[in-house]
Every structure is written in C-alpha cells, then in structure tokens.
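A.B. asks: Order-wise, the sequence lines are chains S and E. Quick note: the first sequence uses our numbering, first residue 1, plus one each step. Quick note: the second sequence uses our numbering, first residue 1, plus one each step.
In short, the hints are calculated from the structure, not lab data. Cβ coordinates follow ideal geometry from the N, Cα and C atoms, glycine included. Not one of these hints is a red herring.
Among chain S residues calculated to face chain E with C-beta under 8 angstroms, some are:
1) Phe-45
2) Phe-104
3) Gly-105
4) Ser-106
Not close to chain E: a few residues of chain S, all C-beta gaps over 12 angstroms, as computed:
5) Arg-28
6) Arg-63
7) Ser-70
Chain E regions said to be covered by chain S (calculated; three or more residues, Cβ under 8 angstroms):
8) 31-42
9) 100-106
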Amino acid sequence: AAGVIQSPRHLIKEKRETATLKCYPIPRHDTVYWYQQGPGQDPQFLISFYEKMQSDKGSIPDRFSAQQFSDYHSELNMSSLELGDSALYFCASSSGQAQDGYTFGSGTRLTVV
Amino acid sequence: AQSVTQPDIHITVSEGASLELRCNYSYGATPYLFWYVQSPGQGLQLLLKYFSGDTLVQGIKGFEAEFKRSQSSFNLRKPSVHWSDAAEYFCAVAPSGYSTLTFGKGTMLLVSP
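If we strip away everything but chain E, and leave its shape as in the complex, we get (with noise of 0.2 angstroms):
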C-alpha cells in the first residue's frame, strides 16, 4: 500500500521568504502525487498535481512543486510568501487516477510579518 510522508508538522515563514515543504512517497511505481491545501475548518483545495512528463509542475497561487523520482519526493515550492498563504498543507498519493487518496499528516505553514 502507498504511504506519505511529510516530515515537518509546522513550518514558520517570514512573510516574503522562500517556501519548500518536503513529502515523500512510498509506492512501488510511479503514483499520481498531489498537493492540497486547507484553511481552517475549511475544504480541501487543490493546487497542482502531476501524473507523468515535466517534472516541475505548476499549480496555483504561484506554487510548484518538483517530482524527483530518485528520492522519492514531491516537493512543494514558492518563491516569496504572502501572508494569504499560511494554512496546513497536504501531500496525497494514488497508484492510478481511479485510485483512493491517501493524505500524509500535513504540514502547518505560518507566516511571520
């Protein structure tokens, strides 16, 4: 069975600054990896996923994240921070596009002034 792993429960950012939130995966082939994101008491939005092909992959509200199949990951980036932007992040693995999700524990990202 597939499993993820976020590694950082919380994450503090100065408003601004870079953003990498790790997630690792564990599948014997390549699964359909996606990152969500939730604000409190609130759904779960999508910002990118990736399937196969360009290994960086661009999602919304300017994030990427970068497939690299040698470490297993799937790291989600931003350049510059925005206040907007703190909430608790998922990282969530399928074997196939028909496939249950499963979600890793999710990462708290704060943003500091």
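Bound conformation, chain S alone (with noise of 0.2 angstroms):
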C-alpha cells in the first residue's frame, strides 16, 4: 500500500540557510500535518493543511511557512536556519476518517551545522 513520502530523507544546511521539505501524502488523504521532532523528544505539532488550506496551527516559528498544493502534497519552508532546528520532521496525512486514522512518513532529518 502506498505510505506517505518525505523527502530528503537527510539534509545537511549551514546557519542562515534556507530548506525545503517535501511531503506527498497518501492518495485520497486531504489533510497534512507536519510535526518536528528534537533529539530525544516527542513530537510536536507545527502545522497542518485540510484541502490546500491551513487548518491549524501550532508552534511553528515565523521564519517557517508552509503550504499544501493542488495535488495534496505539501512543503514546509525554512529560511534563516538555527542550530536549534536540526531535528526529524515529519509529515503525517490522514482522510479526516476516523477509522483511517494518521500515517506518518518516515521523516527528514535536518541538521544544521
């Protein structure tokens, strides 16, 4: 069955740089979620998109956009990069029912240096 893509899987980018992170949610799932995960922490949520619209927000910081295309899949956009935001991101999709429940990717990992 096809699982939700994330790509890179690995990114390395320098202070101040800028990264883009790709997320191709299941078919026929309308709404992404993107979440960051520290070393060692759990999850947390950044933001998510129900039919190409922001749907809820959470502790994403200014220096961070994202946004969800026609075809569903969605980027999460990170300039001005700090060594505090080297973690795993991860995009989960989902089809808003409850039996389908979310499917998360396997996640990109960023590191700063």
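Mind docking these for me? Both chains are given alone in their own frames, and the hints should help you get the complex.
C.D. replies: Following this line, the structure appears as structure tokens:
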C-alpha cells in the first residue's frame, strides 16, 4: 500500500541557509500535518492543511512557512536556519475518517551546522 | 486543550515477560487514542487506535490496549516481550479524526536478555 513519502530523507544545511522539505500524502488523503521532533523529544505539532487551506497552527516559528498544493502534496519552507532547528521533521496525512487514523512518513532529518 | 501523560520515561523488561505501558489523557470527552512505536532514527509506526466500541483494542505485533473511561487511561500491553520490541512508544490523542494529534513524552522500552 502507498505510504506517506517525504523527501529528502537527510539534509545538511548551514546556519542562516534555507531548506525545503516535501511531503506526498497517501492518495485520497486531503489533510497533511507537520511535526518536529528534536533529539530525545516527543513530536511537536507545527502546522496542518486541509484541502489546501491551513487548518491548524502549532508551535511553528515565523521563519517557517508551509503550503499544500493542488495535488495535495505539502512543502515546509524553513529560512534563516538555526542550530536548534536540527531535528527530525515528520509529515502525516489523514483522510479525516476516524478509521483511517494518521499515517506518518519516515521523516526528514535536518542537521544545521 | 487535550494533553497526554506517559508517567514512565524508561521501562526495562526481561525478554518473555509481560509489558504494560501507561498512558493517561486529559480531555472533556472521549478522544481518539493512539499508540505509536518508533525505533531509533525511524518514523512513527501505528500500533493500534481506539475511537469507540469495544474498549479492548488489538493491534499489530501482538500488542493490545484497553481504554478505561473512568481512569482516563489507555494502557498498552503485551503478554510476552521480544528483544525486537525495544523502541520508544508514544501515546497520542486527538479530539476527532480531523484534529491535530497530541503526543505524550514517550516511554523508552529496554528489553534485557
């Protein structure tokens, strides 16, 4: 079965650079969620989109932005990167149907040096 | 806002012994409840979920969880732990199938020979 695809799997950036993370949800899933997981931490919700509109916002820094495109894939744009942005970034998708739950991608590991 | 408490940061269990990981939630109504497992550096894999109905839920890899409304708990159990079960386990809640998922801090399971 198709899963949530995230790219790239690993990314190394220098401070003050920008990064773009991509997420391709499961087909027919219209909702995408982004989470940030620091080392030894639980995943923290950043932002979500439903039908290409922002549906909820969590602890996303102003330096970050995201959008969902017409094909439902989503991109997380991160600018002026800081050392503290080093983390595993997960994308999850759902159809909004309870029985489907939330399916997570394998994540993008971002390292800022 | 909903919250999740996993009181045990680390648990060590002997291989073949039974396991119970605790999870308590705070929410006005019955939320959607989930257990995820994460191996080091890996993504989040759904073990099981509860929405309604039978309060004992069966999941993958021989895991089960019981929802107890009176205790606001959703504890994860396994009758006989295998070395491959060593990982971090996250309990998560959402008010509905469309809502943002909130994670607990996680419990790291160590399996001793």
